[in-house]
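Same order as they appear, the protein sequences are chains A and B.
First residue of the first sequence: 1202, per the numbering used here; consecutive thereafter.
First residue of the second sequence: 3, per the numbering used here; consecutive thereafter.
Note that these hints are calculated values from the structure, not bench results.
Just so it is clear, the structure is predicted and the values come from calculations on it, not from any experiment.
Note that beta-carbon positions come from the ideal geometry of N, C-alpha and C, so glycine has one too.
Treat the hints loosely; a few may be bogus.
Simulated crosslink set (DSS-like; lysine-lysine; CA at most 30 angstroms straight-line) [said to hold, decoys possible]:
| id | chain 1 | residue 1 | chain 2 | residue 2 |
| --- | --- | --- | --- | --- |
| 1 | A | K1526 | B | K94 |
| 2 | B | K41 | A | K1583 |
| 3 | A | K1667 | A | K1613 |
Which bits of chain A does chain B cover? Going by a derived footprint, with three or more residues having C-beta under 8 angstroms, they are [to be verified]:
| id | stretch |
| --- | --- |
| 4 | 1295-1304 |
| 5 | 1508-1521 |
| 6 | 1539-1546 |
| 7 | 1558-1571 |
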Amino acid sequence: MDISSLTIKKIRKSLIDKKFSCKEVVESYLDNIQKLNKEINAFITVLDKQAIKQAKEIDKLISQGETLPALGGVPIAIKDNMLVEGERCTAGSKILDNYIAPYNATVIKKIKEQGGIILGKTNLDEFAMGASGEYSAYGPTKNPHNLEYVPGGSSSGSAAAVSAQMSMVALGSDTAGSVRCPSSFCGVVGMKPTYGAVSRYGLIALASSLDQIGPIAKNVEDAEVLFNVIKGKDFMDATSYEQPQKADKKVDIKNLKIGVVKECLGHGIQKEIVDITKEAINKLEKQGIRIETVSLPHLEYGVACYYIIMPAEASSNLARYDGVKFGMRREADNLLNNYFETRGEFFGPEVKRRIMIGTYCLSSGYYDSYYLKAQKMQNKIKQDFEKVFEKVDLLLTPTSPFLPFKLEERLKDPLSMYMADLLTVPANLAGLPAISVPAGRVGDLPVGIQFMAPQYEEERIFKAAKFFEDLC
Amino acid sequence: MIDLVEVKHIAQLARIKFSEEELQDLQKDLSSILDYFHKLEEVKIDDIKLSSHLSRSRNTTREDESSENNSQINKKLLELAPETKERFIKVKSVFN
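Start from the sequences and build out the full structure, keeping to the hints where you can.
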């Protein structure tokens, strides 16, 4: 069975027409996992038995002539920082090595209700802290296009799984680019919704003011279907909201003006990336799309701003891992030393580094010079976007400032790794929706471009990404 | 370069045990990262007012009613704790 050309629509039609059974589809993906995972290391946990059982239920539904739900029979991989009840959830950390999820995340509940089939839990940088997949305590994920290169992070396993046909679609989480960066590096589509569009209940928190769950897929249409299933207000996440209904329901790409951010094609962006992005702009212009060059003057400050805000929030969020309530524990002579030993032994180096940065920035005497300043810069960046969106409807940039890099190339210098977030983090800081779509290749390494839109305008980025995808 | 004494103090606040070698690496890493943050000083931002991250300024509230007691989830949550006694999570004594 050739699964590489399958889409959600095609699976659905084929299942209803009885061209193949859901069990056959799921087994094909599980076979690929069996064959490839040893090398690529995309999955931490494979839920083969549960997936086959779910597939049989879908087949039964079809044989009884029942209506197939929106994701009926669609194989899905889940980043291992979202809770699937009764299954292990590690967040890529040894401190959660023994943690069994006591309930379903809201996104998982929705996927299950819509008949989606969860193939397994995918590898990630520990607690989603990283841009290469190399900070996982369960070994690095490899880029399926070239095993000597990183797949991008932190949703490394989810993007690699979709890219290598080990899953049809996947969920990732994106705090500064963790869905879009690996999607770009692995040659797939990855989307970060507006802050609050998708409930984070049951997502292991990194930086709560920025975290958002998003879909990863082979094409834009599948990403949109998955987004439509997981979005919506949830009682369990106070920041979630219902997508406002708009009067002008039909967005026509020909009526939209796309802004090309000049700072994203200049200093600090690898030449090959600039070339591919310019080619993409040309393709769009040839189709009569209106393009205007715009400026986000504070773009270059996004990374500095982010690496204050995120560690500050993360150091608070990760205080819960103390060996008392759940997770691993290392015994010592008293309670305080229990904390020190447990956290010292089971957190990895990058997590410790970020907790230390966050603790420093929040410690007495430093709050004004770091955290407050970062918040002000965040507002400045937000204002830049507001101004730009008065002139254009969408923004186009590369997704990553550089090509996928070799394993271990950036491990020694944390700052060089942080720079991977340069073009993706502004959307998180401003709470905007953004999508990465494949735009070309350099050798065997994929390159993605990114579309961003004002808050709640997911429809625009899907439209633009689909239009561009058809030109490629 | 930030002081090693300060790195140790932050490690105390963060409740993480480090080896001497780790502390020295952190001193180096933290220093270069904190230096990088000074980039923010290139921009005049004193005039910026702070507002909420979200443009939706309405707070989310719910009725002040207790939810149904779910003993299943309570049981599962307790089972995750390394040490329990009856319906409680057990810790070492805080006061001697």
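Going through the hints against the structure:
1. A/K1526 to B/K94: 13 angstroms, holds
2. B/K41 to A/K1583: 18 angstroms, holds
3. A/K1667 to A/K1613: Violated, at roughly 38 angstroms.
4. 1295-1304: With 4 residues closer than 8 angstroms to chain B, the stretch 1295-1304 of chain A meets the three-residue bar; holds.
5. 1508-1521: Contact hint for the stretch 1508-1521 of chain A vs chain B: holds, 4 residues under 8 angstroms.
6. 1539-1546: That given contact holds, which follows from 7 residues of the stretch 1539-1546 of chain A lying within Cβ reach (below 8 angstroms) of chain B.
7. 1558-1571: Since 5 is at least three, the answer is holds.
Consistency with the previously given hints fails for number 3 only.
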